[in-house]
Amino acid sequence: MAEIPLLEINRLKKHFPIRGGLMGGITAEVRAVDDLSFTIARGETLSLVGESGSGKSTVGRTILGLTAPSAGEIWLDGTRIDQLSRRRMRALRQRMQIIFQDPFSSLDPRFSVRESLAEPLDNFGLARGAARAARIHELLDQVQLPHAAADRRPHEFSGGQRQRIAIARALAPRPDLIICDEAVSALDVSVKAQIINLLADIQRNLGLAMLFISHDLAIVEHLTHRIAVMYLGEIVEIGTREAVFAGPRHPYTEALLSAVPMPDPGARHRRIVLSGDIPSPRNPPPGCRFHTRCPYAFDRCRSEAPKLRGPNHHQAACHLDRLPGSA
Amino acid sequence: MSLSPPSALPAEFIAPDLPELVEPRRKRGRLARFIIRHPTIFAGLVLIGLMLLIALFAPFLGTTDPTALAPARRLRPPSMQYWFGTDMLGRDIYSRVIYGTRVSLIVGFAVAFLAAITGLAIGLVAGFVRWSDAIIMRVMDGLMSIPPILLAIALIALTRGSVQNVVIAITISEIPRVARLIRGVVLGLRELPFIEAAIACGTRTPKLILRHVLPNTLAPLAVQATYICASAMITEAILSFIGAGTPPTIPSWGNIMAEGRALWQIKPSIVFFPAIFLSATVLGVNLLGDGLRDALDPRRALRP
Chain A
1 MAEIPLLEIN
11 RLKKHFPIRG
21 GLMGGITAEV
31 RAVDDLSFTI
41 ARGETLSLVG
51 ESGSGKSTVG
61 RTILGLTAPS
71 AGEIWLDGTR
81 IDQLSRRRMR
91 ALRQRMQIIF
101 QDPFSSLDPR
111 FSVRESLAEP
121 LDNFGLARGA
131 ARAARIHELL
141 DQVQLPHAAA
151 DRRPHEFSGG
161 QRQRIAIARA
171 LAPRPDLIIC
181 DEAVSALDVS
191 VKAQIINLLA
201 DIQRNLGLAM
211 LFISHDLAIV
221 EHLTHRIAVM
231 YLGEIVEIGT
241 REAVFAGPRH
251 PYTEALLSAV
261 PMPDPGARHR
271 RIVLSGDIPS
281 PRNPPPGCRF
291 HTRCPYAFDR
301 CRSEAPKLRG
311 PNHHQAACHL
321 DRLPGSA
Chain B
1 MSLSPPSALP
11 AEFIAPDLPE
21 LVEPRRKRGR
31 LARFIIRHPT
41 IFAGLVLIGL
51 MLLIALFAPF
61 LGTTDPTALA
71 PARRLRPPSM
81 QYWFGTDMLG
91 RDIYSRVIYG
101 TRVSLIVGFA
111 VAFLAAITGL
121 AIGLVAGFVR
131 WSDAIIMRVM
141 DGLMSIPPIL
151 LAIALIALTR
161 GSVQNVVIAI
171 TISEIPRVAR
181 LIRGVVLGLR
191 ELPFIEAAIA
201 CGTRTPKLIL
211 RHVLPNTLAP
221 LAVQATYICA
231 SAMITEAILS
241 FIGAGTPPTI
251 PSWGNIMAEG
261 RALWQIKPSI
271 VFFPAIFLSA
281 TVLGVNLLGD
291 GLRDALDPRR
301 ALRP
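Top line first, the protein sequences correspond to chains A and B.
Each step along the first sequence adds one to the number in this note's numbering, with nothing skipped, and position 109 is 109.
Each step along the second sequence adds one to the number in this note's numbering, with nothing skipped, and position 241 is 241.
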């Protein structure tokens with residue numbers, strides 16, 4: 001009997017209607033997220049990787065209840081949360097926090113750091129007076145900012161420092177799960193490394209679960225336990241970091257991995273360049289959604305959609321058992 | 001200031017002190033710095049301040065009773081005794097213009113304030129309560145499709161002419177503009193991550209509006225309010241001019257101009273003086289609005 005996972009996503013769908021025509025009727029749908037399932041255990045980091053437009057940010061926003069799912073279930077620690085009333089959802093928000101991509105717009109420009117950090121504490125009635133001040137200092141310590149930063153406003157900080165403030169705010173209500181939506185994508189390379197190390201440290205020290213949404217496999221490698229690769233709203237491959245990096249079983253993952261720069265210039269490296277753009281999620285291709293760009297596509301791929309299959313620690317949605325290119 | 005030369009280098013390798021090319025910045029007072037940075041705001045404030053003083057101290061500015069009739073002294077040209085001359089009923093135009101400042105300022109400020117507050121509330125509701133948006137905005141579109149002057153005339157026709165009714169009539173015709181602006185700002189703000197971040201960290205909707213959304217709408221609202229103030233003063237003058245505004249017993253710039261209209265060709269001074277005052281006041285308010293717009297625009301503002 002397995003332990004209840006902290007977060008369980010079960011056949012989640014999010015379709016955005018496109019309205020048009022004279023009467024404003026629904027003329028089409030964008031299938032941003034289509035039939036997605038995964039779990040995150042306590043203290044585990046799952047990375048959701050994919051191109052822009054693959055629906056990964058929508059997954060994060062749907063989990064937080066910032067947009068309502070079209071179908072499917074979201075379970076947090078044994079409680080179904082996708083159909084809760086606003087009031088009960090608000091109480092649960094304490095357990096899930098988010099860090100956004102752009103630290104320049106995710107902090108209210110009129111709020112000092114202290115006010116930004118105090119907001120979740122006040123909202124959930126977690127600390128007041130001296131305890132609140134102490135908690136704010138503790139949070140600043142956790143993200144390695146000086147206590148003097150508390151009285152400044154966001155525009156006085158650099159991008160990396162602002163992201164530290166956003167991390168501190170996310171940590172404030174002591175959540176069990178943090179969703180990082182491209183949290184380091186907008187930062188410089190050197191700052192990016194610092195923030196990733198900080199996130200990894202915090203994750204380890206506090207035993208947080210993390211959903212790390214990113215388009216960059218190179219970053220994910222350093223801080224994740226498991227990886228889920230998304231393409232056009234579906235998970236095409238999911239598995240432990242070791243398994244996925246050692247031998248990708250979906251051609252899309254293989255192509256993504258081949259784009260990761262290698263530190264060893266002598267290493268034999270076959271770069272797989274995908275041609276064309278990601279197809280429109282408004283009208284996804286029949287069969288396997290990847291077949292329009294897949295180097296190995298054959299007849300069956302055009303008609304029959306593959307299902308995720310394989311052992312629990314490494315599953316892929318591909319008709320091929322073994323990719324032709326792998327050694 | 002010159003750097004001390006490193007002792008190991010011979011003298012010819014050391015650059016001589018450069019002359020001061022840039023004059024050291026002179027220290028100026030805060031007021032002087034404000035004027036230099038925001039000349040339009042300053043000019044606007046001076047004009048509005050002047051008009052406010054005139055309105056407040058109207059009885060002490062050498063005025064007589066602005067409604068006192070003196071048919072024997074009618075249509076006098078400007079002189080030492082009657083600075084702006086007298087009208088066809090012998091009333092002192094200078095006194096009438098000075099007292100008329102009160103009506104214009106009251107109407108301008110009252111309309112700007114009421115339209116801003118009401119429009120803000122309507123815009124916030126339309127921007128936040130999605131199902132109400134279509135209903136509210138169609139009503140606003142309907143109001144906007146009627147020219148404001150016609151709408152004001154119609155509303156005045158339903159009631160009696162008084163300063164209060166003029167204010168209400170102009171306010172109603174100005175509200176849609178504010179509501180539209182605020183709705184747009186709110187819809188833009190809603191998409192910003194810091195609003196979603198606030199929702200995600202448990203902020204309730206009333207607090208979200210009050211602490212995150214409202215403060216960020218104030219800058220465009222203030223700018224819009226100045227334009228409304230200016231346009232309300234003009235509308236008041238127009239309404240009075242066509243006899244649908246302030247009752248003729250109360251001197252207002254529009255009334256004075258309306259009464260002088262028939263005599264325009266022989267006594268242009270009757271129309272000229274109130275027109276000058278109206279133009280100066282509207283100019284002041286518009287200068288303030290333009291200055292505020294530039295100063296509050298984050299793309300143009302100098303970093304603090």
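Hints in this document: simulated from the structure, not taken from any laboratory.
Treat the hints with caution; some may be incorrect.
Below, simulated SDA-like cross-link-like pairs (lysine to any residue); rule was C-alpha separation at most 25 Å, straight line [stated by the list, open to error]: (1) B:Lys207 to A:Gly207; (2) A:Lys192 to A:Gly207; (3) B:Lys207 to A:Gly125.
Just a few of them, taken from the derived set where beta-carbon distance is under 7 Å, the chain A residues facing chain B [as the list claims (entries may be wrong)]: (4) Arg90; (5) Arg93; (6) Asp108; (7) Ser112.
Just so we're clear, the structure is a prediction, and the values are computed from it rather than from any experiment.
In this text, a Cβ means the ideal position worked out from N, Cα and C, and glycines have one as well.
Which of the listed hints are broken here? The structure conflicts with hints 1 and 7, although it agrees with all the remaining ones.
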